[in-house]
Amino acid sequence: MMKIKSFASIIFLLISILFLSATLSLCHHDHDHNLRQCRERCEEKQQYQQRRCLRDCQEKYGGTGWESTEEEKERSHEYNSRWEEEQQQQQNNPYFFGEESFKEWFRTQDGYFSVAQKFSEKSELLRGFDNYRLSFFEANPRTFVVPSHIDAEYIFFVVKGRGTISLVSQETRETYNLERGDVIRVPAGTILNVINKDSKEKLQFAELAQSISIPGRIRDYIGMGGQNPESFFNSFRGEVLEAAFNTPRGQIQRLFGQQKKGMMFQASEEQIRSISKQASESHQKRKGRSSGPFNLLKKSPLHSNRYGKLFQIDGNDYSQLQDLDMSVTFTNITKGGMMAPFYNSKSTRFVMIVKGQGYFEMACVHYQRISAQLRPRTAFIIPAGHPTTIVASKNENLQMVVFGINVRDNQKNFLAGRENVMNQMSKEAKELGFNVQAKEVEEIFNQKESFFLPGPQQQQQKQQREEGEAHHVLLSSINDFAGF
Amino acid sequence: MMKIKSFASIIFLLISILFLSATLSLCHHDHDHNLRQCRERCEEKQQYQQRRCLRDCQEKYGGTGWESTEEEKERSHEYNSRWEEEQQQQQNNPYFFGEESFKEWFRTQDGYFSVAQKFSEKSELLRGFDNYRLSFFEANPRTFVVPSHIDAEYIFFVVKGRGTISLVSQETRETYNLERGDVIRVPAGTILNVINKDSKEKLQFAELAQSISIPGRIRDYIGMGGQNPESFFNSFRGEVLEAAFNTPRGQIQRLFGQQKKGMMFQASEEQIRSISKQASESHQKRKGRSSGPFNLLKKSPLHSNRYGKLFQIDGNDYSQLQDLDMSVTFTNITKGGMMAPFYNSKSTRFVMIVKGQGYFEMACVHYQRISAQLRPRTAFIIPAGHPTTIVASKNENLQMVVFGINVRDNQKNFLAGRENVMNQMSKEAKELGFNVQAKEVEEIFNQKESFFLPGPQQQQQKQQREEGEAHHVLLSSINDFAGF
Amino acid sequence: MMKIKSFASIIFLLISILFLSATLSLCHHDHDHNLRQCRERCEEKQQYQQRRCLRDCQEKYGGTGWESTEEEKERSHEYNSRWEEEQQQQQNNPYFFGEESFKEWFRTQDGYFSVAQKFSEKSELLRGFDNYRLSFFEANPRTFVVPSHIDAEYIFFVVKGRGTISLVSQETRETYNLERGDVIRVPAGTILNVINKDSKEKLQFAELAQSISIPGRIRDYIGMGGQNPESFFNSFRGEVLEAAFNTPRGQIQRLFGQQKKGMMFQASEEQIRSISKQASESHQKRKGRSSGPFNLLKKSPLHSNRYGKLFQIDGNDYSQLQDLDMSVTFTNITKGGMMAPFYNSKSTRFVMIVKGQGYFEMACVHYQRISAQLRPRTAFIIPAGHPTTIVASKNENLQMVVFGINVRDNQKNFLAGRENVMNQMSKEAKELGFNVQAKEVEEIFNQKESFFLPGPQQQQQKQQREEGEAHHVLLSSINDFAGF
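Protein chains in written order, with numbering that gives the first Met the number 0: chain A, 0 to 483; chain B, 0 to 483; chain C, 0 to 483.
In case anyone wonders, no lab produced these hints; they're calculated from the structure. None of the hints are false.
Identical copies go unnamed one by one, so any copy, or any two together, can satisfy a pair.
Within a straight-line C-alpha distance of at most 25 Å, the following computed DSS-like cross-link-like pairs (lysine-lysine) qualify:
#: 1; residue 1: K438; residue 2: K426
#: 2; residue 1: K199; residue 2: K260
#: 3; residue 1: K276; residue 2: K426
#: 4; residue 1: K260; residue 2: K438
Given the structure is predicted, the values throughout are model-derived calculations rather than measurements.
Looking at chain A on its own, in the form it has when it is part of the complex:
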């Protein structure tokens, strides 16, 4: 009986933890117990009073509101340090995926494939996105990746390097060269064969998968291989394989027993040359709709100024994105710059950081501020409608690959800068909505720059400098992707 009791206690604790964590993990990152208590008292109020109430709690116990202005100013040049204490809170931020959220599905001395956790594991709130999974891939020079097929649609963005990719099905094999900026769709179930054909540079992909089999699950299946990686053929019983291959067991065992090098390993120069040679030949033979890559960076940028550049494609540019209703964006925010606050009207965005440092801020349920420090190999989600801004560090450009879903009829609305949605509001709406003269609104919302702006640190310096002075902030070349 005593045993049952203590077993019971353990179960209680487990259940309690489950309940509590479910309650806490949605869009909050509670600073401490007082803040939590304060917020709980707000829950009974009407929505808009609730916001005020929650805001008051934040100011009183959260320590990052308007009240702390002076202190903030001091800290503004060292935002990196202020983030440290928030690091542990990022785990409770369901929209941010830090490095610890990515799990290595494989790693050898020649590369890795690292997949973000399932969204609903992060937070029940994100269950609706469970069909999507983010991943980073990297292969050393002259590396061969053992072919496999995946039960998901895949979009690759080539962050860096020069590779060759073969898409194989029973009826066709298409081989393409890949270079920085290429976007390619790998249809579900296609046997995928990737090599890094360069002899010096790493090959890096940022990837989005959309599961099509068991919803929310993504698996790869390796037919080649043997002991390491293990072939799925080993899942069948010996007598079944004997029959399938009409071959004695010993010979089959020999075939599936030789490969012991792991998922990625160096290939000879000759093998690399031979495979990459097929890419150009393959180009001639293709017919019907092209399934080859599309280079995003060769398109002219959608937005571009000294503070940043944004390139974007969707199904109108690259037909392979049409049925997935997706877009792919590459954004480079110049060091010290920021993207003007914005929201997407319909599209949800998966943002993967590939270079640099910075942070994002997002207005969430009850206007809780969601924010996190950004580093290469981290990612975050911007759900449709959520006002968001992204800021680069003052030392390094911030580069991101953004996968958009539900992009049909999406409208990106900017909330600051010269071109912003507030300018479309009528004079009366401005006056009534803000309870001030329209002029006062326009003064603030009508700025010189659009889309990309000088960021928090830069702003101060800029205000001190004379206008017209030669600017030191040079647009860093797209070409300078350093490794993650």
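Assemble chains B and C onto chain A, guided by the hints.
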């Protein structure tokens, strides 16, 4: 240890309640313990024997079956009273949303916005509809609603009044006048600006939202405003706003600090005139597909007789409904009338009561009868396939706005009245299916009236009166919507 | 207090069982405790090491790996016996639906309708397929089934017999004759009337439903009938029915009280003749898109050799499958034959066994082998991407009806036989992937037969026989469907 035990007991009780309520809440409204026990004994039987068994339980313990005929007749003129005891059971009816199921997201002295609870909160059974939310909106004369955008597609039906609506995005502002009967789609993420331009009458909407961001969640985001309603700009840190607006902190704080009037408030006559003037000007400028309103009541009714009228539009009438695969229906059942029992072959219907009194009955799982008394600001769901009837009270017309989803190829099949699906059955099917002569079936199914019929109370009176006598049941004008 | 404690203990046990069963049921069929422990130790490893680790566990404790070759050979002629011990494990195999997974929704002395359990009840893993339900239907000669409508789209495949089907809605009645091999779609909400018009043979359907109302739920609604089957009209209150039918209560009660024969019963020869006569007349009157049946077996087979035949249609052949994005396949594997290992690139398949014996093997998560013995009235799921093979017993042909979903752009890739996807791989990929000479790979993968191959038992005999010898394995006629 004792504390853990008592804490344990509480957890037990909570869990037990959760389990039990989940079990009980699906489509049952159990009258008492005996009835429940009786039903439990049926669970082990095959489906059709189960139905018979459950029916027997209902008759024995439920008190509303055929057996109670005499008693029922007596009560038939006072159905209001009989409903009283069922009031508390309505909470266990997962298809009905009483006034307590609507939560006010905001209310000021000048109006309110009231949203039905999430469907899965009502019942796990309805989780599949979680992307939809129903709401009622009302604004006093000359009232301005602070502009906001919502992460959901919205369909508004104008129940009453005269308003002006502006749909604003970064690239366009469209302003339209609204009047009773207008249907308008507000695309997700559009900044919405509504005023009641009338100086005397309230403006009322019945609304359906379809969430597009976090599935099942709907939020509005207010960029204007300041302290009340609070602007989402306050979610960003001070230094970020300074940079975004290139403006000193003090000035920004001033802008976002003036508005303290709440979400809705009176505007001056001049402001109202100026905004509504833009509506007519806007009409000239529009190009491409129209995103303006469509007046449902100006279309000729689909069904109409002295007992009721039904107006309906879908994507073929109003292109804005096409991609949503939705229809909007306005139904007016004359006092004392009823809609003939029917079911929709594919479409599920969300019914919102906007005027009058009455009740609905629906055949549900195991043929449990689902029913509830209807009042303004209540709503119910009719899932596809479910046979249903709706009855108006004898004192007042019953008016409903019905949003239909999955309407493509939907067929509404009536189960009584002159035009009904039974008439399409072959003679042999009738004889075999009912085990009587086909004539006997036809006698009952072939009636004079179609679609709308005299209701329960009226029927009796009518049988007593001579045919041809002038009828006292006048079709109440569509124009007499009184306030909720 | 003591009572609360023991109640508590029961709740604990229930919860523990829930948790444990959820954990265990996913894709495992653990042989014993040692195997489970061994596997648990693998959980902490990286994915590919995990696979090796899990494989080792299987070999050491599972008893069906390569090591047991000699023993296996002995057993190869009696695979039936080896399955016995795995029978109890099939319940933990979430992809297989044995006879116990089908529940009879109704059965009379003249037939039955048997529906597979909801997928998420079988395993949480399958929740994404909850909108689909599999069912078997059988009616004796000259049997009438009481008409009903269902809140789901239905696809029927006629396994055996000759019937007549009427599809009734308010606006139309279409009547068709059905024969073996016919595929017909029954749109949701259509009132369905089926008879077996043959005087000797049973009528059998294999069916797939896609729910359209409450997601994951399928219900039928019987308007005719009375006491048994009970009519849904009995769900409405007496006074409502009196009004709806404008008929005194007694007469209504009489109509809905005569039918006491159950859901299926014998009809007279004259009634059968009269209904089936309408089928031919109906053919003349149809206009617009055909909603009649399409005979799958009259199309030429997609694959065919002495070891098997496969017939398949999709929306291109039968327009009624277009919007459902489905295919229907009939597969006959000759006794002693097997289908070459394969996977579908995008489509998930629901396989229903209608005749014969055999087994399937499938490579699942972590390359666990999923397998089960197949018998008539069992079913299994092959999710997209999963390598699978199906083997017929040596005594009987194995016949299956396969419903495919997500079939657009699906590619079936074979993994053995003359036409297989490995042949499309480049020489270099083969050499690197297997770490052997390309020749050695090609020797094994390039075989004489395609798609259908001699199975495990047959293979051995064949190797002993001379090529060119007359084969005793005759292609069993498609016509010899025996009853389930």
